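J.: Here the structure of chain A is known, so what remains is to put chains X, Y and G in place on it, guided by the hints.
Protein chains in written order, with this note's numbering: chain A, 61 to 419; chain X, 61 to 419; chain Y, 61 to 419; chain G, 61 to 419.
The hints are simulated quantities; they were obtained by calculation from the structure and are not laboratory data.
Just so it is clear, the structure is predicted and the values come from calculations on it, not from any experiment.
Some hints could be false.
When chains are identical, the list treats them as one kind, so a pair holds in a single copy or across two.
Straight-line distance between alpha carbons at most 20 Å, and here's what the computed DMTMM-like set of lysine to aspartate or glutamate pairs gives [claimed, not checked]:
1) LYS381 to GLU234
2) LYS413 to ASP134
3) LYS381 to GLU271
4) LYS327 to GLU105
5) LYS381 to GLU274
6) LYS63 to ASP338
Number of protein chains: 4
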Amino acid sequence: MIKVAILGATGVVGQQFVAALNEHSWFEIEKLLTSVRSAGKRYDEALTNSHTGTLEWFCDSPLQSSIAQMVTEDSSKFDPSSVDLVFSAVESEQARSLEPNYAEHTPVVSTASAFRYEQDVPILIPGINNQHLDALEIQQERRGWQGFIVPIPNCTTTGLVISLKPLHDDYQVEAVVMTSMQAVSGAGRSSGVLALDITDNIIPFIRGEEEKVETETCKILGGFQGAFTPANIRVSCTCTRVDVSDGHTEAVYVKTKENCSIEDAKKSMRRFSRSLADLGLPSTPSELLLVHEDPYRPQPRLDRDTNGGMTTVVGRLREDKVLGGVKYVLVSHNTKMGAAKGAVLVAELLHRKGLLKRR
Amino acid sequence: MIKVAILGATGVVGQQFVAALNEHSWFEIEKLLTSVRSAGKRYDEALTNSHTGTLEWFCDSPLQSSIAQMVTEDSSKFDPSSVDLVFSAVESEQARSLEPNYAEHTPVVSTASAFRYEQDVPILIPGINNQHLDALEIQQERRGWQGFIVPIPNCTTTGLVISLKPLHDDYQVEAVVMTSMQAVSGAGRSSGVLALDITDNIIPFIRGEEEKVETETCKILGGFQGAFTPANIRVSCTCTRVDVSDGHTEAVYVKTKENCSIEDAKKSMRRFSRSLADLGLPSTPSELLLVHEDPYRPQPRLDRDTNGGMTTVVGRLREDKVLGGVKYVLVSHNTKMGAAKGAVLVAELLHRKGLLKRR
Amino acid sequence: MIKVAILGATGVVGQQFVAALNEHSWFEIEKLLTSVRSAGKRYDEALTNSHTGTLEWFCDSPLQSSIAQMVTEDSSKFDPSSVDLVFSAVESEQARSLEPNYAEHTPVVSTASAFRYEQDVPILIPGINNQHLDALEIQQERRGWQGFIVPIPNCTTTGLVISLKPLHDDYQVEAVVMTSMQAVSGAGRSSGVLALDITDNIIPFIRGEEEKVETETCKILGGFQGAFTPANIRVSCTCTRVDVSDGHTEAVYVKTKENCSIEDAKKSMRRFSRSLADLGLPSTPSELLLVHEDPYRPQPRLDRDTNGGMTTVVGRLREDKVLGGVKYVLVSHNTKMGAAKGAVLVAELLHRKGLLKRR
Amino acid sequence: MIKVAILGATGVVGQQFVAALNEHSWFEIEKLLTSVRSAGKRYDEALTNSHTGTLEWFCDSPLQSSIAQMVTEDSSKFDPSSVDLVFSAVESEQARSLEPNYAEHTPVVSTASAFRYEQDVPILIPGINNQHLDALEIQQERRGWQGFIVPIPNCTTTGLVISLKPLHDDYQVEAVVMTSMQAVSGAGRSSGVLALDITDNIIPFIRGEEEKVETETCKILGGFQGAFTPANIRVSCTCTRVDVSDGHTEAVYVKTKENCSIEDAKKSMRRFSRSLADLGLPSTPSELLLVHEDPYRPQPRLDRDTNGGMTTVVGRLREDKVLGGVKYVLVSHNTKMGAAKGAVLVAELLHRKGLLKRR
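This is chain A alone, in the form it adopts within the complex (with noise of 0.2 Å):
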């Protein structure tokens, strides 16, 4: 087995790194890592509310007792040179001043957006751009590292790029305009979203995201030789937050260079959504992505969990004579394939590739 560790592992998306390693069949959780308030407690004591006496463990599956029991580590004291792999969860802040240490020794996949801009960082989707990994050996040459850093992209960036990369692909895609309708889980606990203020009503506007998914979107579907060649796309989007749960859906209108028909659209989506199949993956989704018929689908409710929430579920294909193109409706599970999940199977393809080395 291979051993990990989970860089901030009280927070939500450190739970759901904890959730998404339950049983699995390759990676075993070795050590759990806090900042220092939490350290040198047992995981379900650091995760009890000391006002109310309530685990806040926030996952659908229960807590293991086995990890329940674990002790855990003041992340800045941590050896990483003890496990194998590190799952970093925490916000972009601390990963920036965590991270590299860790990277130092040990392969860091991280959600954080700290490196993601980085030249010799890739930001990976398995099966959408594995070859960037061919920029890990350059960052660990530059940095001198012995791990490397891949961080995943933004949530609301992962299901466009998921339903752009076949039509890029195939027909080439020069322009793209997306309004997402975001789900309130994309803000996390500890600056969530008050009930108060989403109850019948939208908030137009998420700090920082459109930019993030603008040039996150170009960078995956890019190149690399040596370097990073962003794609030549236009991205121009509106991100919302809506009063959903979980779940993501984005609006996308298309600009294909070459033509590009409604059946076409559908064809090079279905063909593309085993790609990622042959490698065995254990988290691998049946489908990556699936096209709906039902004009009435997606719907966040009845689509996210599809393939346990790691398929991007695309419907509403249609003609779109502005751009001159095909326009979509997306759902994606924001805190699955967006998040923990999303990472894991990064974590896989290192290993089927492998780049993680057992100590």
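T.: Structure of chains X, Y and G alone, referenced to chain A:
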């Protein structure tokens, strides 16, 4: 006082007409018209659910007792020459059969879509396309009517067109991409959206809505000189339903022919916002259009009732590099400016222009 | 396999029967019965909205293709002797006319209220009042039927009675005050709760509901020895509707004759929770009743699906000084244990008790 | 004009005081007091989120520019003798340390619970227990203060007590069972309810709430003759949180000593509803209590704003056979009559009774 009849008086939109005309300084409700099933009852009895005994009056303001006591009439036997104006609040199919009978004698202002797309029928928004009233003379001649039919647009079109009008006047709009997040009140009550279907959810499709918005936008922003010449604007929409009670939110991307900076767009919109003020219509809001600087606005719950629900509120004005123009978010009250109150504003304009004749 | 027919197969509850019987080890769907309007169609065609072309299948699990292809039959012409059991999922009025015709030949397990309050008809919850099955012999004799009718309770009664049963057995319940906060799915679809009415709101009245709960609770917890003797429990309810999709929440206050401490109540409930286990019925949950210690539980979204929605989850057990007893909060899944799945459990009990005869 | 200071002026309740005092005919805001961190800034700057640049003003009515420009003061250095009255809108802990310092010189009307349960402190609702103001003289003597502290009740107590008062006066209330369904605004913003936790859900526990309601109800409905004698009423509550923005809904069951029919209860409540009218206080609603006949009322969204949120709306009055009395449902606006506006009403009463001295 101008004597008016309300067709479809017991429906939700009909009730909104009753509320909108309460203490109106120009108009007086003379007749309440219903289907034969409800006809001949006191209005409050016609509104009372026979199973539950509940008065099904759905407006915020209380039902005036003088109106409550009026006896409803069968719309199929109504003599339109007994009033100066008819407000029509029925579904499209009924409108198609009843409105022409009335219009033979009397002006009809309608919320129904039945006649919107006919060659001699204007779709009117006061302050936007007043000159389209010229079509009424042709309509009367061609059809041999003494009255006429003036429909208002679909509630999703209204806010969009109001926001586009100043940009089109000043910078010539060439293309529009719009994604709507529409309130459940837009679906009405008889086939309304079930809580079961929209709680924690989004429905990505509203049958017929996108086509309406695309067609109506061009007709309203186009010219009329003996015939309608639709504006040469390509429009592409995705219309979705969200769990918001009232107020449609729209993310809009606009391509302009002339170069239009953010500041240009704001100035253009703000200058325009007072364009209806001069006519002194009782229902004119102090601003047709309000531009917010706070990036977290507009929000439907906070902004829909601006100036009694008659103002379109715009925010998040940004440059759009894909279409080559500007993008923004708007909120417009679908059951106020977008329905009965918007129709009353049209009637006020008709009166000001001398197009209503008192008997 | 026991051959069953589903009456009202296209309705929401009928669909839930179809889903609940998918791969059932004892029961096999032989007939899908509908009104004459839908009869003679393939089941999937009968479920397809003719306006929208959408398959209106409302269960989480997919519709099995073997069932989708079955041709529906007109319920008014159905020969009940062609099956071993009928599950009835129609409204009360229809149940009143159709169920007796079927019961003349074949056992009927019903979710309708039509016959619940008759002197020879038990309202059954397996594990609570199995002995009431003795009434069936009398029902058959009195009515000259070979079959019989067994209704399940109203969905709001179910969780209440399951939580009261152990307290009544051990400490004798004398009075109950209950306030419910009921899910919108309880109102079904044909006259379902509009989002417009429940978003940011509570509806404090559900017609007929309080009387049902008050009557059914006493009947179910009472005895049967040749005749029903309702339990001598005073019950007072307030039933409200809240914006929750599934899962009824109830705040319960109980007066017991014998002194019952908090610990007594917990022990009593926990001991009881395994009371149905011995019979080996396929749908029996591992616990009929689950008692939480966390004061923030039960919550409908977190707890309704416990053991497939078959477990009543109780929390906040506290002393009640007004009534003289205990108070608590419960969550029970209204469309699972409270409807089709609860009815299937009844059918399993009937089979175990030898009351179903295979043809 | 009476000069007032607002303690905790930047918080949500503080803002509500600012809004409630806008154009008040008796009171004028002289000082806005904040923690040292916000002190010395213009009020609008103090309300501006430094991360987002957004003015975090949460009231419906706009922030008056004259108030926006006031410079806030450090509450720990404030000289209370510079004003005639302090409105306190801080959390309980802060109230415990600051309010006595102010009360040494100046009357304090507080929304905090800190002093509610002290022997010489009344919990005041105008029209309910005006005579408890007699305690202030004792409070001043005992503590050597020139001013005093008058808290208002917990927002859940307010509506309950207002509805019980006429029944207690006329029929002597002996016991009350109450289940609340409380709005999310009751939890405020700093530790507010996350959408993630309440969408499609109910939280069955609000820490400390039930004890507050039980204690406060008896104190307010009790007598004062030199000392408080709590009413001899047993009260048992379950307080829950639901996905409603504003307005607490409560299902109430009341045992009366004297026989009280439904009609008796309605008459009693309606007679009482005008009991505060004679004093001519500016914030007195036309009715303290409004009794609905429609069984579908009260509903929080429809009824919370009755008379500016100052009226408790009651409906569903029915006989209760368990307790022996009546049961009903009420809605009360938790952030209006239940918070700042209720406190302003108390201050008006103090002024009318000659208990505020102008400097």
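J.: For each hint, tell me whether it holds in the structure or not.
T.: Against the structure, the hints:
In this homomeric assembly, LYS381 and GLU234 come within 20 Å of each other (Cα to Cα) both inside a single copy, at 14 Å, and across copies, at 12 Å. In this assembly of identical chains, LYS413 and ASP134 lie within 20 Å of each other by CA distance neither inside one copy nor across copies; the values are 31 Å within and 60 Å between. With identical chains, the CA atoms of LYS381 and GLU271 are at most 20 Å apart between copies only, with a shortest distance of 13 Å across copies and 26 Å within one. For a Cα distance limit of 20 Å, the shortest separation of LYS327 from GLU105 qualifies neither inside one copy, at 51 Å, nor across copies, at 26 Å.
Only between protomers do LYS381 and GLU274 lie at most 20 Å apart by alpha-carbon distance; the minimum there is 11 Å, versus 22 Å within a single protomer. For the identical chains of this complex, LYS63 and ASP338 are neighbours neither inside a copy (25 Å) nor across copies (43 Å), given an alpha-carbon limit of 20 Å.
Against the hints set out earlier in the document, violations occur for numbers 2, 4 and 6.
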